[in-house]
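*Asks:* Sequence order for the protein chains is A and B.
Taking full-length UniProt numbering as reference, the numbering of the first sequence is continuous, increasing by one, and the terminal residue is 593.
Taking full-length UniProt numbering as reference, the numbering of the second sequence is continuous, increasing by one, and the terminal residue is 593.
Among these hints, one or two may not hold up.
Some chain A residues near chain B, calculated using beta-carbon distances under 10 Å [claimed, not checked]:
1. Asp184
2. Pro334
3. Gly414
4. Ala590
Here are some chain B residues the structure puts well away from chain A; computed CB gaps all over 12 Å [what the hints assert, rightly or not]:
5. Asp35
6. Asp238
7. Tyr309
8. Ala316
9. Gly322
10. Val325
11. Asp397
12. Gly411
13. Glu477
14. Gln495
15. Glu542
16. Thr555
17. Asp583
18. Ala587
Read the hints as simulated data drawn from the structure, not as lab findings.
For every residue, glycine included, the Cβ atom is placed at its ideal position computed from N, Cα and C.
Number of protein chains: 2
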Amino acid sequence: MPSYTAPIKDTQFILHNVLKISEKAIPGYDELDADFTNAVLEEAGKISSEVLHPLNTVGDTEGCRLENGVVYTPTGFKAAFEQVKEGGWTGLDMPEQYGGQNMPYIMGTAVGEMFSAANQAFTMYQGLTHGAASAILAHGTDAQKDTYLPKMVSCEWTGTMNLTEPHCGTDLGLMRTKAEPQDDGSFKITGQKIFISSGDHDMADNIIHLVLAKIPGGPEGIKGVSLFIVPKFIVKDDGSLGDRNGVSVGKIEEKMGIHGNSTCVMNYDSATGYLLGSEHKGMRAMFTMMNEARLGVGMQGLAQAEAAYQNALEYAKDRLQGRDVTGVKNPDGPADPLIVHPDIRRNLMDQKSFAEGARAFILWGAQMIDQAHRAEDKDADGLISLLTPVIKGFLTDLGYDMTVQAQQIYGGHGYIEEWGMSQYTRDARIAMIYEGANGVQALDLVGRKLAQDGGKHVMAFFEMVKGFCKENGDISEAYSKEFIEPLKAASKDLQAAGMYFMQNGMTNPNNALSGSYDFMHMFGHVCLGLMWAEMAKAAQAELDAGSSDAAFYETKIATGRYYMARRLPATALHLSRIQTGGDTVMALDADQF
Amino acid sequence: MPSYTAPIKDTQFILHNVLKISEKAIPGYDELDADFTNAVLEEAGKISSEVLHPLNTVGDTEGCRLENGVVYTPTGFKAAFEQVKEGGWTGLDMPEQYGGQNMPYIMGTAVGEMFSAANQAFTMYQGLTHGAASAILAHGTDAQKDTYLPKMVSCEWTGTMNLTEPHCGTDLGLMRTKAEPQDDGSFKITGQKIFISSGDHDMADNIIHLVLAKIPGGPEGIKGVSLFIVPKFIVKDDGSLGDRNGVSVGKIEEKMGIHGNSTCVMNYDSATGYLLGSEHKGMRAMFTMMNEARLGVGMQGLAQAEAAYQNALEYAKDRLQGRDVTGVKNPDGPADPLIVHPDIRRNLMDQKSFAEGARAFILWGAQMIDQAHRAEDKDADGLISLLTPVIKGFLTDLGYDMTVQAQQIYGGHGYIEEWGMSQYTRDARIAMIYEGANGVQALDLVGRKLAQDGGKHVMAFFEMVKGFCKENGDISEAYSKEFIEPLKAASKDLQAAGMYFMQNGMTNPNNALSGSYDFMHMFGHVCLGLMWAEMAKAAQAELDAGSSDAAFYETKIATGRYYMARRLPATALHLSRIQTGGDTVMALDADQF
């Protein structure tokens with residue numbers, strides 16, 4: 001059975017030594033001193049390890065079941081959900097007005113990593129509710145907010161997001177679900193939605209479905225899509241629950257992983273729905289949630305990688321197999337532990353340097369969201385908008401790869417379900433797909449975000465990296481050689497790729513789009529390189545100040561050195577692929593394949 | 001439901017245009033003219049598509065079950081196994097003397113790819129039997145051969161290989177299973193073996209277990225391991241089946257994939273065993289099988305990638321989603337097919353160029369085995385020994401990655417089990433682990449094979465590539481630029497890596513071993529680059545000769561261009577990682593992690 005320990009010390013290091021959050025001029029950040037955040041993270045860590053993680057295997061093994069139209073979650077989920085609600089975790093970063101704790105989004109993200117690492121399928125019930133509640137918060141009328149938010153913030157009622165239909169996922173303009181206006185201002189929603197996470201279950205009194213649908217007679221395609229609130233049970237004027245609405249579960253999907261979450265086919269049969277936001281502006285309403293939702297999925301990539309890594313590391317220390325070629329390390333035992341072997345080290349260092357770098361990247365991204373929303377900083381908003389597809393695509397791709405590497409450490413034991421390592425890869429796999437498949441993230445990055453606001457945000461990013469390198473170039477010769485120079489080189493590769501797109505994408509967009517996936521990955525590497533340069537700097541500062549915890553900071557720097565030397569140079573390969581353009585990619589006609 | 005069509009045309013192209021097998025001076029190859037091999041492949045393709053593949057999902061869904069000590073295979077497996085036996089497929093490359101068809105190993109490999117692609121879990125019952133029979137063929141007494149081989153070649157009896165124990169996988173020197181000598185020359189085998197593929201089932205009258213065990217009083221560690229034949233039912237002198245032996249199934253493992261194969265915990269309780277080969281030479285006996293077994297697993301990596309690719313391609317052509325940015329391609333439909341999008345193309349071209357390159361690599365490797373065994377060519381034996389870990393490690397890693405990419409094309413539909421794409425990744429995952437985990441392959445390559453016979457074989461490899469480049473440098477300017485130059489560059493990277501190991505591995509082996517995994521991958525890329533250069537040359541020759549099938553050969557060359565431009569340059573990244581040495585990899589003490 002795998003175990004999980006929340007990486008509190010590492011998160012604290014990022015929050016306070018790297019991001020220095022309590023010094024930031026963002027409303028609410030002044031309260032985030034190290035003692036406070038530590039107390040929150042300790043509690044979150046405790047519930048993660050003690051309540052959520054023990055149910056992770058249970059959820060995978062039992063899955064959800066549909067009986068007579070009712071969905072039952074795995075044994076123990078309901079009781080655990082009560083504990084999460086009672087602890088106030090569901091409304092951590094929601095407004096006090098609706099019963100939330102009004103903490104910044106960065107704290108929701110730090111805690112979210114822990115919950116997701118402990119039990120991704122479980123945490124999705126709360127995660128989807130958060131997404132739906134955020135949409136109502138941003139686009140609902142006061143009456144809608146008053147009706148739904150208090151119950152959703154507490155997760156007394158949960159939420160879902162209904163976008164996909166059998167014939168359309170990415171291309172939502174093809175949507176067929178209809179919303180027919182009624183005399184009382186409501187709509188009758190009819191259609192089928194698929195892949196609806198947390199679609200139905202037995203852990204809440206009501207479920208608030210947010211459903212995209214088309215009002216007949218509206219504009220064609222994506223411009224005619226509106227968003228509706230469709231509660232499972234109609235909410236009466238006094239707030240009590242009325243009739244069951246015309247929404248039912250068609251089936252629960254059999255999936256590769258996240259079995260503990262009920263992924264449902266939802267059938268809407270003249271269900272009563274209430275317009276959320278404006279008519280035909282449904283996509284805009286969804287998109288305001290997108291940055292957060294995608295950052296949340298990127299965070300899942302990190303979370304599964306971290307959880308898998310922790311277990312792989314333990315196994316590598318415990319399992320005795322073979323001898324260190326440079327000299328026996330465990331002379332009293334029958335063999336040395338796996339961790340003595342260089343290729344096992346390579347594998348573990350890949351995982352460790354990814355997880356710690358990714359954590360910094362995610363928390364930095366969350367800080368940008370706070371800066372954009374709480375401090376109304378348009379530059380931060382532009383930058384996080386640019387980086388969102390990178391966070392989502394890169395961190396979930398690499399997060400998945402890392403769970404595969406963790407599984408590999410176990411040899412055959414990684415392939416059997418008994419040890420739990422298969423579940424990490426099976427659960428992590430979905431994050432590359434949902435909330436916009438990673439190929440779509442790459443397209444969003446290269447096709448939209450690069451040129452947004454005249455390319456202002458990507459230029460700001462390069463200026464920031466350049467500024468960092470300039471400012472910190474003379475910290476020490478070693479730091480310059482090990483961190484600044486590799487970061488400069490990688491950033492230069494990224495710029496060269498952007499330049500290639502500009503020069504060759506105009507004449508033929510395929511020259512840019514064929515390289516979009518490589519670009520997303522190289523951008524991710526540069527961001528992690530920047531994070532590692534920042535972390536090494538912060539760690540060195542602690543060492544220079546005579547920290548009593550030197551081992552922690554030395555380890556941090558050594559891990560960063562690994563990333564800069566062994567991982568970051570991937571940018572050169574991505575650049576070389578991009579610079580071959582679209583010709584070899586598009587050479588064949590479809591029927592030549 | 002996925003489908004599968006055997007790639008007969010492509011296999012024929014490799015056998016006859018690239019390898020030109022019927023011109024080779026290898027006993028048995030003179031019979032392999034194009035009509036003959038085509039007839040064999042057509043039949044094999046038919047049984048793969050029509051008999052084996054329809055059972056692939058069944059096997060995954062039902063799995064095997066253990067009831068009162070008896071293992072039952074999934075519905076339909078037994079009848080299909082009868083068809084495979086009746087068709088003579090189980091003894092394709094086995095000696096006529098024992099009922100086989102005596103075809104070269106290359107034909108067994110070409111057919112094996114098809115069977116594995118159609119149904120890996122099913123094909124393993126036959127594959128393990130082949131491995132066990134080969135061991136008896138190589139090391140058995142005449143009496144043992146006469147007793148077991150005829151029944152095993154026909155798969156009336158199947159076989160297993162028993163190496164792993166709960167506490168030892170790679171490090172078999174830690175083995176505890178005991179073999180106590182009896183007065184009649186037999187042994188009593190006692191111990192537990194785990195992860196035994198095809199360990200027990202209901203499709204054969206008897207199961208011949210080959211079991212590694214230690215004879216008490218023998219040398220310590222790996223040098224005291226012997227190999228034993230332990231039949232499920234004792235075979236009487238007249239060849240009929242006698243008493244049930246002391247071997248039983250402890251349980252069937254719950255695994256991530258290959259559910260249709262019964263992976264068993266096997267308990268040996270004073271089971272009667274017969275020494276195979278010499279006392280304490282069990283590992284040597286196993287190792288003579290290793291090249292073939294590992295090539296067979298590499299072939300599985302290709303097979304799953306090919307099957308997944310075929311389905312992803314169909315889906316990309318059928319699924320309508322979004323519009324081509326360079327102009328609408330399907331004006332009468334609601335959207336264009338996925339295949340118009342550059343990033344989908346990149347993904348498909350990755351898969352296509354891998355599968356076709358890997359097929360050439362595998363068949364070339366199989367030819368080397370034939371050359372080594374049938375023509376007793378020591379150089380071929382040395383070269384295939386060098387390339388075996390590359391074939392196993394590189395092709396299963398990349399094969400797995402490609403199934404993940406194929407799954408990605410399906411978006412959410414790739415994650416639900418209904419479409420069958422999850423099974424390809426879950427089944428492909430095991431090939432990176434069994435028959436020596438890929439990290440062990442890398443260690444074998446760098447730690448043993450590079451220096452074997454004074455480095456003779458790796459030097460021969462480089463000479464061969466150099467010779468090819470020199471010989472074909474002036475075919476055309478385009479060919480030189482697109483194929484020869486990239487191959488030269490990649491080969492140079494590989495040589496530089498080898499040089500780095502020589503110069504830095506002596507002082508500290510960690511400098512070499514930290515780069516072993518990268519080296520294995522770069523070696524794989526160079527081999528696939530060589531294969532593509534050969535295939536493009538052969539295709540061009542057909543075009544120059546005015547082939548009536550120009551589209552096939554043009555597609556082949558275009559696919560090769562993609563590999564050379566977009567995939568092969570990965571060697572530079574691997575080299576740069578290798579050249580950073582072992583310091584960053586080994587920087588942390590185990591307790592610093």
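*Asks:* Does the structure break any of the earlier hints, and which numbers would those be?
*Replies:* 1, 7, 8, 9, 10, 11, 12, 16, 17 and 18
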